[in-house]
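Engineer: For the sequence shown, the residue numbers in the working numbering are 58 to 585.
Hints are computed from structural coordinates only; laboratory data are not their basis.
Quick reminder that beta carbons are idealized off the backbone N, C-alpha and C, glycines included.
A couple of the hints might just be wrong.
Unchecked claim - Below, computed lysine to any residue pairings styled on SDA-like, alpha-carbon distance capped at 25 Å:
hint: 1; residue 1: Lys467; residue 2: Leu344
hint: 2; residue 1: Lys220; residue 2: Tyr236
hint: 3; residue 1: Lys356; residue 2: Lys208
hint: 4; residue 1: Lys411; residue 2: Lys220
hint: 5; residue 1: Lys411; residue 2: Pro387
hint: 6; residue 1: Lys208; residue 2: Asp228
hint: 7; residue 1: Lys293; residue 2: Thr243
Said to hold, decoys possible - Label pairs and their computed distance ranges (CB to CB):
hint: 8; residue 1: Thr161; residue 2: Asn567; range: 43 to 51 Å
hint: 9; residue 1: Arg537; residue 2: Gly420; range: 28 to 36 Å
hint: 10; residue 1: Lys248; residue 2: Lys411; range: 51 to 59 Å
hint: 11; residue 1: Glu582; residue 2: Glu144; range: 30 to 38 Å
hint: 12; residue 1: Lys317; residue 2: Asn218; range: 33 to 41 Å
hint: 13; residue 1: Ser146; residue 2: Glu414; range: 50 to 58 Å
hint: 14; residue 1: Glu460; residue 2: Ser146; range: 55 to 63 Å
hint: 15; residue 1: Glu276; residue 2: Gln458; range: 27 to 35 Å
hint: 16; residue 1: Leu526; residue 2: Gly420; range: 44 to 52 Å
hint: 17; residue 1: Thr292; residue 2: Lys411; range: 50 to 58 Å
hint: 18; residue 1: Gly402; residue 2: Thr292; range: 43 to 51 Å
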Amino acid sequence: MLYRLSTALVAVALVASCTKKKELEYGLNPAETLTVNLNTEPPTLDWSKATDTTSSHVMNNIMEGLVAYDVTTPDLQLRPALATAWEPSEKASVWTFTLRENVTWTDGQPFTAQHVVDGWERLLNPATASAYSYFLYDIKNAKDYNQGKLKDFSKVGVSINDKGQVVVTLDKSKSYFPYLLTHASTYPVRKDVIETHGDRWTEPENIVTLGPFQLKIWEHDKSLVLTRNDNYYGTKPKIKNVLAYMITEKSTAINLFDSKVIDAQDDLPTTELKFLRERPEYKSKNLLGTYYYGMNVKKAPMDNVLVRKAVSHAIDRQQITDLLAGGQIPATSFVPPGMFGYEKGLGIQPDIKKANELLDQAGYKDRSKFPKLILGFNTNEDHQRVAENIQAQLKTNLGIQVELQNQEWKVYLKTVRTDAPHMYRMGWIADYPDPDNFLSLMTSYSENNYTNWGNEEFDTLVESGRSVLDKEKRREIYRRAQQILTQVEAPVVPIYNYVSFYLVSERVKNYPVNQMQRRVYSNVEIKK
58 MLYRLSTALV AVALVASCTK KKELEYGLNP AETLTVNLNT EPPTLDWSKA TDTTSSHVMN
118 NIMEGLVAYD VTTPDLQLRP ALATAWEPSE KASVWTFTLR ENVTWTDGQP FTAQHVVDGW
178 ERLLNPATAS AYSYFLYDIK NAKDYNQGKL KDFSKVGVSI NDKGQVVVTL DKSKSYFPYL
238 LTHASTYPVR KDVIETHGDR WTEPENIVTL GPFQLKIWEH DKSLVLTRND NYYGTKPKIK
298 NVLAYMITEK STAINLFDSK VIDAQDDLPT TELKFLRERP EYKSKNLLGT YYYGMNVKKA
358 PMDNVLVRKA VSHAIDRQQI TDLLAGGQIP ATSFVPPGMF GYEKGLGIQP DIKKANELLD
418 QAGYKDRSKF PKLILGFNTN EDHQRVAENI QAQLKTNLGI QVELQNQEWK VYLKTVRTDA
478 PHMYRMGWIA DYPDPDNFLS LMTSYSENNY TNWGNEEFDT LVESGRSVLD KEKRREIYRR
538 AQQILTQVEA PVVPIYNYVS FYLVSERVKN YPVNQMQRRV YSNVEIKK
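Kindly produce the complete structure, drawing on both the sequences and the hints.
Structural biologist: So this is what it looks like as structure tokens:
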């Protein structure tokens, strides 16, 4: 403990000295600048391809979609963004979006309806290989286009009418469709910029955006700077700059916060929460999110459903939340509390006797014949603590061996996408406040489903639930879908539901706090 603290203090001294130089280099005025910690390098700022919250924190400040959330409302109502109005017709199977006029990109070019269509074509184009392409599968022929069955995008239900409005034709009625368009993957794009600069189109010297801030500097794996976008159509941000560091070590980040180098730290070490809660800068918020472990069903022995169920039964979630002691809620349901479709009693409950019976039935009465499992997680102190706890529980409760595999976030994402280990850590924060957002994640065609699991009945239930308007019928559909996911087939093990806890300097006013952890800094002020 003493060695770790000493190392952190040395890092603080080094980063603090660098900060002074960087402020001179960047020319940032502390009175006009919010400093935050992203905790890691954003894997990409290409909003057609990004899948993680780190990238989203940046993208949601430099870009906007047709609609946005009013995070000041408890039920997260929609508000106009690039669209000033949206109207359903034909029982919500057709949606017409009226676009805002006199909006310009950061390079001065006018924003047009074609940029919206281009963004959606790029998201659905098989060549883009977007993990979020399924977000637009509700649109007529979108799925066939994405899967290469249809080559002509003009046959997809997206068009521009003679009034310059974007008209969307869905395959069925979808009352929640506008909520999907709050997500970064659906943002407009400038194809001319992408074609000119290729993979480097998101670098500061090339990128063009529409949001309240623009990307000025990106020193990879170190920091990035956002500056106020003077071309922004709406109310200009109250601060001029956001300086975002990429400090992975939480104890180092806390020390930098105490040294007034950073104004906000979003991810706190749970080992220190007992003391941090006593501080006036401490804040917390329940999130619409689930921390879970996925199982790669193509890797023996996880291809055996009895093994998957045994593992799930053997994990005591309460033990993990007690360990973290941050107010997290033990989870067996995949849909989180606070969202329609949440079912507290769903899922596999901890039961060591049942776990051992299932493993015996799977053919492993002799535990020495059970192969060693690889459990993967990305670099993070709390992820390590959870993984070590699960490793110990599976050894104690089932007598099986688990090897831990730790990788930096960018590398880890590539690993789980291409060749996920037997078990892997993952989490999901709501993109829109509807159970479809969580359950569609695990459909057989979702690029965010790294388990290699698919179930035809589950897919059918999720798809049918989207167009059912009767609330109780919809609830029953999602109950059955969750039963298949967490009890019958068990390719995932829900662990807990998230609570966000963070530190915010008392010099900062209006720091964004909401249950979807959307960090848009437009309304932030620096107190004088």
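Engineer: All the hints need checking, so say for each whether the structure fits it.
Structural biologist: Consistency of the hints with the structure:
In summary, the hint linking Lys467 to Leu344 is supported, as the alpha carbons are separated by about 24 Å, within the 25 Å threshold. Between Lys220 and Tyr236 the CA atoms are separated by roughly 23 Å; this keeps the pair inside 25 Å, and the hint holds. Our distance criterion of 25 Å between C-alpha atoms is broken by Lys356 and Lys208, whose separation comes to about 34 Å. Between Lys411 and Lys220, the direct Cα distance comes to roughly 63 Å. Violation of the 25 Å bound is thereby established for this hinted pair.
Restraint check for Lys411 and Pro387: the C-alpha separation of about 19 Å stays at or below 25 Å, so the hint holds. Straight-line distance between C-alpha atoms of Lys208 and Asp228 comes to about 18 Å, which keeps the hinted pair within the 25 Å bound. Using a Cα cut-off of 25 Å, the hinted pair Lys293 and Thr243 holds, with the two alpha carbons roughly 23 Å apart. At about 26 Å, the beta-carbon gap between Thr161 and Asn567 misses the expected band of 43 to 51 Å.
At about 30 Å, the beta-carbon gap between Arg537 and Gly420 stays in the expected band of 28 to 36 Å. Distance hint check: the CB atoms of Lys248 and Lys411 are about 55 Å apart, consistent with the given range 51 to 59 Å. A hinted range of 30 to 38 Å for the beta carbons of Glu582 and Glu144 is consistent with their spacing of about 36 Å. The hinted window of 33 to 41 Å between Lys317 and Asn218 is violated, with their beta carbons roughly 54 Å apart.
Checking the proposed 50 to 58 Å range against Ser146 and Glu414 shows it holds: the Cβ atoms sit about 56 Å from each other. Separation of Glu460 from Ser146 is about 56 Å and conforms to the stated range, judged on CB atoms against 55 to 63 Å. For Glu276 and Gln458, the hinted distance range of 27 to 35 Å is not satisfied, since their beta carbons lie about 42 Å from each other. Separation of Leu526 from Gly420 is about 47 Å and conforms to the stated range, judged on CB atoms against 44 to 52 Å.
Range check, Thr292 to Lys411: Cβ separation about 57 Å, and the 50 to 58 Å hint holds. Distance hint check: the CB atoms of Gly402 and Thr292 are about 46 Å apart, consistent with the given range 43 to 51 Å.
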